[in-house]
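Chains G and F, in that order, are what the protein sequence lines are.
Each residue of the first sequence is one higher than the one before, starting from 4 at the first, in our numbering.
Each residue of the second sequence is one higher than the one before, starting from 4 at the first, in our numbering.
Worth flagging that the hints you see were computed from the coordinates, not collected in a lab.
Please read these numbers as outputs of a predicted model, since none were measured by experiment.
Every residue gets a Cβ at the ideal spot worked out from N, C-alpha and C, and that includes glycine.
Do not rely on the hints blindly, as some may be mistaken.
Said to hold, decoys possible - Quick list of the computed label-pair ranges, beta carbon to beta carbon:
#, chain 1, residue 1, chain 2, residue 2, range
1, G, 9, F, 27, 20 to 28 Å
2, F, 12, G, 377, 41 to 49 Å
3, G, 257, F, 48, 19 to 27 Å
Stated by the list, open to error - Some but not every residue of chain F turned toward chain G, in silico, with C-beta under 8 Å:
#, residue
4, 9
5, 71
6, 72
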Amino acid sequence: MSAPTVEVVTVRTFADAKDAYRHKDLRQALYDDGEVVMADVLVNLHGREHRDRRRVENRSFRRDTFDLYERELFPAVTDRTLAPYIEAGSVDLVHLGHELMLNLAALTAGLDRPQGTAEETTRLYDYTMLFIEGATLAHSTLDKDERRRCIHAALLEWDEEFLAPSMARRRTALARLAAGEIVESDLPKDVLTTLLRSTEDLDLPPEVIRREVAFLLLAGAHTSATAFVRSIDHILSWVQTHPQDAPKVVDDPLFVQRCIHETVRLNPSSPVGQRWALTDVTLKSGVQVPAGGKLVIDLAAVNRDPAVFGDTAADFDPYRSLPAGVGPFGLSFGGGMHVCIGQDLAAGVVPAADVDPDAHLYGLVTGAVQRMFHEGVRRDPENPPQRDEATARPYWGTYPVLLGAVR
Amino acid sequence: MALIARVDKDVCISSGRCVADAPSAFHFDADEIAEAVQPPPPGLSEETLLNIARNCPSGAITLQGPAEQEVPLD
Numbered sequence: 004m005s006a007p008t009v010e011v012v013t014v015r016t017f018a019d020a021k022d023a024y025r026h027k028d029l030r031q032a033l034y035d036d037g038e039v040v041m042a043d044v045l046v047n048l049h050g051r052e053h054r055d056r057r058r059v060e061n062r063s064f065r066r067d068t069f070d071l072y073e074r075e076l077f078p079a080v081t082d083r084t085l086a087p088y089i090e091a092g093s094v095d096l097v098h099l100g101h102e103l104m105l106n107l108a109a110l111t112a113g114l115d116r117p118q119g120t121a122e123e124t125t126r127l128y129d130y131t132m133l134f135i136e137g138a139t140l141a142h143s144t145l146d147k148d149e150r151r152r153c154i155h156a157a158l159l160e161w162d163e164e165f166l167a168p169s170m171a172r173r174r175t176a177l178a179r180l181a182a183g184e185i186v187e188s189d190l191p192k193d194v195l196t197t198l199l200r201s202t203e204d205l206d207l208p209p210e211v212i213r214r215e216v217a218f219l220l221l222a223g224a225h226t227s228a229t230a231f232v233r234s235i236d237h238i239l240s241w242v243q244t245h246p247q248d249a250p251k252v253v254d255d256p257l258f259v260q261r262c263i264h265e266t267v268r269l270n271p272s273s274p275v276g277q278r279w280a281l282t283d284v285t286l287k288s289g290v291q292v293p294a295g296g297k298l299v300i301d302l303a304a305v306n307r308d309p310a311v312f313g314d315t316a317a318d319f320d321p322y323r324s325l326p327a328g329v330g331p332f333g334l335s336f337g338g339g340m341h342v343c344i345g346q347d348l349a350a351g352v353v354p355a356a357d358v359d360p361d362a363h364l365y366g367l368v369t370g371a372v373q374r375m376f377h378e379g380v381r382r383d384p385e386n387p388p389q390r391d392e393a394t395a396r397p398y399w400g401t402y403p404v405l406l407g408a409v410r
Numbered sequence: 004m005a006l007i008a009r010v011d012k013d014v015c016i017s018s019g020r021c022v023a024d025a026p027s028a029f030h031f032d033a034d035e036i037a038e039a040v041q042p043p044p045p046g047l048s049e050e051t052l053l054n055i056a057r058n059c060p061s062g063a064i065t066l067q068g069p070a071e072q073e074v075p076l077d
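Based on the provided sequences and hints, a complete structural model is requested.
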């Protein structure tokens, strides 16, 4: 007996995509193959269940928290992470991007590394790479069932080594707060603490907390790491043809942020969005998706829609002007209920015309990329970058660069 | 013409962007759902309100002009 045929409708315009993302009868479908990590996590929930958890987790994703991260916590972590590579004078951007963003994501997720050793970080890095593989299993070119078993086993080991001790420390802190031994500002400002304070309200079983924190770790590390590598790649090419902008890459964080946004527009973390239609759905443009059908949002096309981004939509142009109400990163962060919770943390706030550069939030990717140009990042002519062959997604597999003054 | 902002509480996901961008015009209620301050504070431009409504990720914010007609955001 053959499986029933699913009607698949693909939208490629900005207007259709924005409408679809905000439609309440279209449910997340992107992570169906990645359930080993993604089952019951925030981006897979719908309706009231989603709204209740989002409201809780949003408490960890507010501007005052971002301010603390961007101005105090992240620069110190970036310094520590980069130091050995600056000393060595070279690094693979793909590895560095994941290591750096992992360190930052562990802070925001609430995962401690009490030993503070390189080996401990390497183990967390290896687990995170497996979780990334799990979440993006839909695009894997490997044996999916075998990978699923391997990733599930890793999830349990990671829980024992990293998550359980981090939870125990936060439960102790919450008990001390309840006993009046510490004050609110003494609590860690991370998502795990926020979740533990709301466990009863949200009715979260341990395996869901496990996957949720794993998801926050992989999402924070992976999307920012790929944006980090791609942004440096785009900027290196841009300054080759626009050498007058080379000083801006070092001195003008607003310009770097525009480059990050343009990179994210052209390279959405996932090349498509997918939704299941819960009922017969008709978008404002008249596009119809029958109940049970799948809507595919072709983000590569949406973010190059000439009706919105003009005739040069496919080009990288940090000076691009945009219509009102359109984000400079297109719809790469999604929209509607599942808009990326870490968008402002990663890419900063979109600057207003009267932006105060000293008070502005630029995002952690902007800070990390600009720091690399401070360190003289440039391609290694002996080792050209290579694409990742293990996935159909357009990732760099290796991107060797040199650091320091040109000899 | 003064615009009146309204937040559909069944749609709001508490992203907090409106509250961060215009704390005089939006705040969180006891359930951490965004709420428009009524009456709207003086001095907030229509352009600012329009941008806040357009940038609401869930599309929960609508704007009303005189005679309570809805202002198109697109």
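Now for the hints, and whether the structure bears them out:
{"no.": "1", "hint": "G/9 / F/27: 20 to 28 Å", "result": "violated, 48 Å"}
{"no.": "2", "hint": "F/12 / G/377: 41 to 49 Å", "result": "holds, 46 Å"}
{"no.": "3", "hint": "G/257 / F/48: 19 to 27 Å", "result": "holds, 22 Å"}
{"no.": "4", "hint": "9", "result": "violated, 16 Å"}
{"no.": "5", "hint": "71", "result": "violated, 22 Å"}
{"no.": "6", "hint": "72", "result": "violated, 19 Å"}
In summary, the structure is inconsistent with hints 1, 4, 5, 6 from the numbered list given earlier, while agreeing with the others.
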